[in-house]
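Each chain is listed here by its residues.
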Amino acid sequence: MPQFNVIGTSPPRLDGREKVLGQAPFIADVPIPGCWVGGVVASPVPHGRIRAIVRDPAFDWSRVVFVDAASLPCRNFVHMVRDDFPILAEEKVTFVTQAVALVAGPDRATVDEALRHVTVDIEPLPAVFSVDEALKGEVVVWGEDNVIDEYRIDRGDVKKAFAEADLVVEGDYATGLHEQLYLENQGMAAIPRDDGSLEIVGSMQCPYYVQGALEQALGLAPERLRVKPCVTGGGFGGKEDYPSVLALWTAVLALKSGRPVRILYERGQDLQSTPKRHPSTTRIRTAVRRDGTITGLEIELRFNGGAFTTLSRVVQQRGMLHCQGAYRIANVAIHSLTVATNMVPSGAYRGFGAPQGLFAIERHMDRIARELALDPLDVRLKNIVDEGDTFPCGQKLKGVFARQVLERAAELSGYRKKRALYAQGSEGPLRRGIGLSVAFHGGGFTGSGEATMGTVVRIDYDGAFSLHVSSTDMGQGALTVLPMIAAEALGLRPDEIAAPRPDTAVCPNSGPTVASRTTMYVGRVVTEACKALIDELRTFLAYQEGISPRAIAFTKGALHCRSRSWTVAQAARARCDAQGPFSVEGRLPQEAAACFNLDRFEGEAYRSYAWIAQAVEVAVNVDTYEVKPLEATIVAEIGRAIHPVLVEGQIAGGFLQALGWSHIEDLTVTPEGRFSADQLNAYLIPTTLDTPQWHIDVMEEPCDVGAYGAKGLGELPMNGAAPAALSAVENATGVFGTEIPLTGEKLFRLIEAQGGTER
Amino acid sequence: MKMTVTVNGRKRTVDVAPLARLLDVLRDGLALKGTKEGCGDGECGACAILLDGLLVNACCVPAIQATGRAVVTIEGLAEAGEGRPEPDRLQQAFVDEGAVHCGFCTPGMIMASRALLEERPHPSESEIRVGLSGSLCRCTGYGTIVAAVAKAAGEGYPERPLPWKSGGGERPLFSPDEAERFFVPESLDEALAILHRHPDATVLAGTTDLLPDMKKGRAAPERAIDLLRVPELKGIACDGSVIRIGACTTNGEIIRSPLLRERLPVLVDAASHSGAPAIQNRATLGGNVANASGAADHLVLLLALGASVTVASVRGERTLPLEDFVVAYRKTACEPGELIREIVIPLPPEGSLQKWIKRGSRQALTLSRVSLAFHLEREGERIKVFRLAAGSMSPVPLRLTETERAVTGRTITVETARLAAETARSEIHPRKSPDYRRAITANLVRRFFEELI
Ligand SMILES: Cc1cc2nc3c(=O)[nH]c(=O)nc-3n(C[C@H](O)[C@H](O)[C@H](O)COP(=O)(O)OP(=O)(O)OC[C@H]3O[C@@H](n4cnc5c(N)ncnc54)[C@H](O)[C@@H]3O)c2cc1C
Ligand code: FES
Ligand code: FES
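Protein chains in written order, with this note's numbering: chain A, 3 to 761; chain B, 9 to 461.
No wet-lab data here; the hints were simulated from the structure. There could be a bad hint or two in this list.
Unchecked claim - DSS-like, lysine-lysine: derived pairs with alpha carbons at most 27 Å apart:
| no. | chain 1 | residue 1 | chain 2 | residue 2 |
| --- | --- | --- | --- | --- |
| 1 | A | LYS94 | A | LYS258 |
| 2 | B | LYS159 | B | LYS242 |
| 3 | B | LYS440 | A | LYS630 |
| 4 | B | LYS363 | A | LYS630 |
| 5 | A | LYS419 | A | LYS384 |
| 6 | B | LYS440 | A | LYS748 |
Stated by the list, open to error - From the structure, some residues in chain A lie toward chain B, with a derived Cβ separation under 7 Å:
| no. | residue |
| --- | --- |
| 7 | LEU23 |
| 8 | ASP31 |
| 9 | GLU135 |
| 10 | ARG269 |
| 11 | ALA654 |
| 12 | LEU686 |
| 13 | THR690 |
Unchecked claim - Computed spacing ranges between beta-carbons, pair by pair:
| no. | chain 1 | residue 1 | chain 2 | residue 2 | range |
| --- | --- | --- | --- | --- | --- |
| 14 | A | ASP85 | B | GLU163 | 53 to 59 Å |
| 15 | A | LEU632 | B | LEU267 | 30 to 36 Å |
| 16 | A | ARG291 | B | GLU163 | 55 to 61 Å |
Note that beta-carbon positions come from the ideal geometry of N, C-alpha and C, so glycine has one too.
Could you build all of it, start to finish, from the sequences and the hints given here?
Following this line, the structure appears as structure tokens:
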């Protein structure tokens, strides 16, 4: 194993100090002199034709500015995957809370008063909220048939596999809405500057997405749009697309009023109007041999996209590319749809389509085991992918550790013994159960995304080093980890490299902070920038010493020629003294990006996959139908743990979100088209007492793409917790849950249908 | 009004509305932005601070009640460094253990940890989890946070107890208009006299129901009387065969009461499963009863305990059985000009049994989906007295009198358990998810008796 100085250590995170002191500036904390408050006139109905927007003359409208679609001073769309999402609804509204008009005024009370004096006269239209209803086509929400996107993968001879199967196992699975519940609500401010430029500050994951959306709609040059994320209080995908919407709203209001305008969401508004994880339904058919070998697989995966495309297309692609599970199956047919409904548009949430598909396939593996009276672990091991196997998209796999993580999780958790013991049942109301699953996640953008992204990272030296990226630190630790990578590459201490929060006027575009790409890809580009820095210094030293650059070597964190050596800091100082401050850039080498044919849905979907297996142990109270997670044993293979403490934090944090989704985070759409929760007591996330004991084991098998071998980690722990938890409930009670969240009430119905739990 | 409050050891005076949230006073009035708002409903703990040394959520405290008291915010924990604040040991432990991710929950989490360590310098892991159960974190999975608190405790933190546990006792200075509408009486007589003059005034106890209601626009008190400065409304005392608990006694005081731990542990149990620490330190028994909600946890237990309510007005006092006091959903027998003075609970006889069970939607900080309270007295093998109350299944909690009758006089057998369960099942009529709630009720009633066989 290579020796590192920085990689694998866990220095305190750089923003830790200001955060524990309560000094970290979140968007609600930033003083903005003369700032007005923005507010949104939101559609009260899920579907309808706007007849009129009526402003009550009883209110003095000169106290505020007011904007509707007709008076919008720019093009009316928010640039995302497709440009179908309007800044303000024009003729129709297609979801509850859709913005119809905007107001800004000097304070909250004035704005609230103004909002109370606007009525939107809407002719209601019939609305659809489920994929099945929407596919009937009687109500058209989007396009001609409500189908936002459709993809297929066909591999091998599925018909033949089913014809020759010993057994055909079928199942239907469903996952519910899932709210990111970043603890800091969405918030954004736009500040007009004297030179006609705009500054945008706020809570966000992707400063350049925000800049791009402003540029496209407002028609302003990017130099005149400066975007600066504040400290961001959690994102988890929820601050990937929506900040672009908020930025446009505040920008429009700022331009109209000539003043800074800030919109801070309250929790209720945030719950009601921002994108959630796509609800999904999955139908799986498998052709199975009696020994558990799967010879054929058919999957129909459907996402409820809500009213507009937002990020659905890419969510669906990722769902497609993970839904077959970590298995080697020769004959596969996958068909997926994203369907528009009159729900708030679904968006990005950690895992991005993968957790939905993996939930279904992992539960299905348990079903096969049940039907064949085999242990679920054995059925998995029978089919698990190994080095050199091929995924349905045609990708021949390298760096596969599915078997290793699965076997290790089973061993560390004592799975086999416990599974057998718990299946015997017990006296009293508490029944224990253990369940296990295996999952994976492709690091970085799907398909050729990283190749076309053009990730750039810059290092400046002006007496001190600073690292400039557009990645935001929303808690995951990006701005601690990236300088660690640079420090390792340059033989410096991490605290010798500043990593300021992004500012599009300063930082290059290293891409959005999404897709588990930051440590892996942006980190890799940081190492490329470091190489460029070394080259630059080598050239300078060679010139200074009058020797050939080739005569200068860089080893052990220092530059050496025959007679002298310099640390990178010394060499940079000398270069700066002689020639002034300087900068270098790094870019992603083409060979580090995957190459995929989206039209045929074929090729290398991701350059590397990270692997995870998890055993979850629960206690089910059969009197009250409560599920309490007790232990979680998680084995993750992530290439390289740059900062082990942050790695464990990501794993536990992500895993807990998935456990919450599996049984308590219950969000539905009411008949009126609203989300069922408008305050935190109606959307419950796990507390300390709903949290299991963590047993986290990290395996490191460096990949050849990411920084120092790192693979993508952020989303991985989201992918397999829910099916493992349901398998544990099955072990405890005998009932087979196919739908999450498996709330107490749903568990009750399953137990009733089974005729109780006495076995 | 002008409010004077001691914040992090310094006296500060600000102009605010009497019912302004302390959270806004701190953030906007005093520019202390370290205290965060994650929900404004008391549900996340991001706004947690210490008020007179106790953990509370600043979004649920009105300015009028914080006046004259001592507030400690996250900014107050830091040690004074050279020209800039330095993290104290606890804050540093959060950094060192990786307990800080996005940092939005961090200030509230650290305040909750400090409050816990003030009270329990060497908490067990499960005590840490309970102490932090009202502080939500979406990033970390809590493991590192629990470790950070344990680390600080292991290092002997806090070296010194918190210096700022009481304020200067200042009273709010109202504007002439406010003086007609807001009142801070300091004795029961004064409170009753004001209430007599302004029978429409809202009385303020812990405001954990009231402030979230105001935020939702469900309440907008024109006039209000703060009850928290009235000493007669506080206190827990054993008086012959009854326990008297002042209406403004908080769940926190109930939990910490040695008397109740010994004589009425079931009430301590209910109080500790209601809300979470920051809510418990504010929520009062009187407020829970006055609110007359179907999901009010104490109401259920008090019904089974056979409690009564003493109300007071300038005309004097009267005591009613709780059943008669709670008239309908959100409606009590309090007449205009009356307030709840105390709750009177008969001391359970020696050898009797009380049990309280709550099924919420998660393990902490959750409203009951089903709650049940049992009181059982036996005579030899037979059931002499049995009271059973059920909550969250009707507009107000109910006694299940048919079930009580069905088993009274019987011996406790499997058959009795089954009979009680089935009678209870048919006796309740929950509006939402009826069969689910009936099943839970029946299971729990059956289990109660089966465990006694
Ligand atoms: C996050 C959170 C969690 C909660 N969890 C629970 C829970 O688990 N279980 C539960 O039962 N409740 C819970 N509650 C509700 C609330 O905390 C309790 O009902 C509490 O006991 C109310 O007391 P209070 O002193 O805060 O009432 P306040 O809000 O001060 O008052 C409530 C009402 O009662 C009136 N009132 C108060 N005192 C008197 C009096 N002495 N005489 C006459 N009228 C009076 C007030 O005018 C007001 O109308 C929760 C609340 C929050 C915010
Ligand atoms: S802001 Fe959430 S508890 Fe106060
Ligand atoms: S650190 Fe982000 S919510 Fe706790």
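Now for the hints, and whether the structure bears them out:
| no. | hint | verdict |
| --- | --- | --- |
| 1 | LYS94(A) x LYS258(A) | 24 Å, holds |
| 2 | LYS159(B) x LYS242(B) | 37 Å, violated |
| 3 | LYS440(B) x LYS630(A) | 24 Å, holds |
| 4 | LYS363(B) x LYS630(A) | 22 Å, holds |
| 5 | LYS419(A) x LYS384(A) | 19 Å, holds |
| 6 | LYS440(B) x LYS748(A) | 14 Å, holds |
| 7 | LEU23 | 5 Å, holds |
| 8 | ASP31 | 4 Å, holds |
| 9 | GLU135 | 24 Å, violated |
| 10 | ARG269 | 4 Å, holds |
| 11 | ALA654 | 3 Å, holds |
| 12 | LEU686 | 5 Å, holds |
| 13 | THR690 | 4 Å, holds |
| 14 | ASP85(A) x GLU163(B): 53 to 59 Å | 56 Å, holds |
| 15 | LEU632(A) x LEU267(B): 30 to 36 Å | 35 Å, holds |
| 16 | ARG291(A) x GLU163(B): 55 to 61 Å | 60 Å, holds |
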